[in-house]
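All chains, full assembly: derive it from the sequences and hints.
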Amino acid sequence: MFEMPIINMTATGKNIENLRKQRALSVKDLQGIFDFSTPNAIYKWQRGIAMPTIDNLVVLATIFQVQVDDILVLDESRHVFQSA
76 MFEMPIINMT
86 ATGKNIENLR
96 KQRALSVKDL
106 QGIFDFSTPN
116 AIYKWQRGIA
126 MPTIDNLVVL
136 ATIFQVQVDD
146 ILVLDESRHV
156 FQSA
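Here the sequence shown is numbered in the working numbering, starting from 76 and rising by one per residue.
To be clear, the hints were calculated from the coordinates, so they are not data collected in a lab. Since we're looking at a predicted model, the values are computed, not measured. Beta carbons are placed, not taken as given, at the ideal position from N, Cα and C, and that holds for glycine. Keep in mind that the hints are not guaranteed to be accurate.
Calculated pairs, EDC-like style, for lysine to aspartate or glutamate (alpha carbon to alpha carbon, straight line, at most 20 angstroms) [unchecked claim]:
#1 K89 with D145
#2 K119 with D104
#3 K89 with E78
#4 K119 with D145
#5 K89 with D144
#6 K103 with E92
#7 K89 with D104
#8 K96 with D150
#9 K96 with D145
#10 K119 with E78
#11 K89 with D150
#12 K89 with E151
Per label pair, the in silico range of CB-to-CB distance [as the list claims (entries may be wrong)]:
#13 S101 with V143: 18 to 28 angstroms
#14 T113 with E151: 28 to 38 angstroms
#15 S101 with M79: 14 to 24 angstroms
#16 N115 with E78: 31 to 41 angstroms
#17 F111 with T85: 19 to 29 angstroms
#18 E78 with V102: 12 to 22 angstroms
#19 F111 with E151: 31 to 41 angstroms
#20 Q140 with G107: 34 to 44 angstroms
#21 M79 with T128: 16 to 26 angstroms
#22 I138 with S112: 14 to 24 angstroms
#23 E78 with I108: 28 to 38 angstroms
#24 P80 with G107: 15 to 25 angstroms
See the structure below:
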């Protein structure tokens, strides 16, 4: 059997927001770092509506001085798969 982890998007978004605030960064600061024309993507990440791409997660981890795993929040429930 294999348990597949599930990312809790809402909790991950709150975590991104908390880590941003701990580093005293504004959404506008992140917008500039990522060179986004609008802050919409960052707001979507923080609300748990969308997830950053892997590349953007690596950049966030660098900015926040944490590991990528420290940004992602996994759900307690996991999908269980049986191998063939």
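Here is what the structure says about each hint:
no.: 1; hint: K89 with D145; verdict: holds, 12 angstroms
no.: 2; hint: K119 with D104; verdict: holds, 16 angstroms
no.: 3; hint: K89 with E78; verdict: violated, 25 angstroms
no.: 4; hint: K119 with D145; verdict: holds, 19 angstroms
no.: 5; hint: K89 with D144; verdict: holds, 14 angstroms
no.: 6; hint: K103 with E92; verdict: holds, 13 angstroms
no.: 7; hint: K89 with D104; verdict: holds, 17 angstroms
no.: 8; hint: K96 with D150; verdict: violated, 23 angstroms
no.: 9; hint: K96 with D145; verdict: holds, 15 angstroms
no.: 10; hint: K119 with E78; verdict: violated, 28 angstroms
no.: 11; hint: K89 with D150; verdict: holds, 14 angstroms
no.: 12; hint: K89 with E151; verdict: holds, 17 angstroms
no.: 13; hint: S101 with V143: 18 to 28 angstroms; verdict: holds, 22 angstroms
no.: 14; hint: T113 with E151: 28 to 38 angstroms; verdict: holds, 34 angstroms
no.: 15; hint: S101 with M79: 14 to 24 angstroms; verdict: violated, 36 angstroms
no.: 16; hint: N115 with E78: 31 to 41 angstroms; verdict: holds, 34 angstroms
no.: 17; hint: F111 with T85: 19 to 29 angstroms; verdict: holds, 22 angstroms
no.: 18; hint: E78 with V102: 12 to 22 angstroms; verdict: violated, 35 angstroms
no.: 19; hint: F111 with E151: 31 to 41 angstroms; verdict: holds, 33 angstroms
no.: 20; hint: Q140 with G107: 34 to 44 angstroms; verdict: violated, 18 angstroms
no.: 21; hint: M79 with T128: 16 to 26 angstroms; verdict: holds, 20 angstroms
no.: 22; hint: I138 with S112: 14 to 24 angstroms; verdict: holds, 19 angstroms
no.: 23; hint: E78 with I108: 28 to 38 angstroms; verdict: holds, 35 angstroms
no.: 24; hint: P80 with G107: 15 to 25 angstroms; verdict: violated, 32 angstroms
Of the numbered hints given earlier, the model fails hints 3, 8, 10, 15, 18, 20 and 24; all others are met.
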